[in-house]
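Start counting the sequence shown at 1; every next residue gets the next number (the working numbering).
Because the hints were derived from the structure by calculation, they are not lab data. Errors might be hidden in some of the hints.
As the list claims (entries may be wrong) - Quick list of simulated restraints, FRET-style, between CB atoms: (1) 2 / 23: 37 to 43 Å; (2) 28 / 1: 38 to 44 Å; (3) 2 / 22: 28 to 34 Å.
Note that beta-carbon positions come from the ideal geometry of N, C-alpha and C, so glycine has one too.
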Amino acid sequence: QVSLILLVILVTVIVSEWVSAKVRHAII
Numbered sequence: 001q002v003s004l005i006l007l008v009i010l011v012t013v014i015v016s017e018w019v020s021a022k023v024r025h026a027i028i
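Whole structure, please, built from the sequences with the hints as guidance.
Written out as C-alpha cells, the structure is:
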C-alpha cells in the first residue's frame, strides 16, 4: 500500500517535470 502511494507520487513528479520542460520549450 505504501509503495503504491510512493510510486504514484514518483510518477506524478516525473510527469510534472516532463510537462514543465515541454511548456518551457514551447515558450522558448
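The hints, checked one at a time:
1. One distance hint, 37 to 43 Å for the beta-carbon pair residue 2 and residue 23, is violated here, with the actual separation near 32 Å.
2. At about 41 Å, the CB distance of residue 28 to residue 1 agrees with the hint of 38 to 44 Å.
3. For the hinted restraint 28 to 34 Å between residue 2 and residue 22, the CB-CB distance of approximately 31 Å keeps it satisfied.
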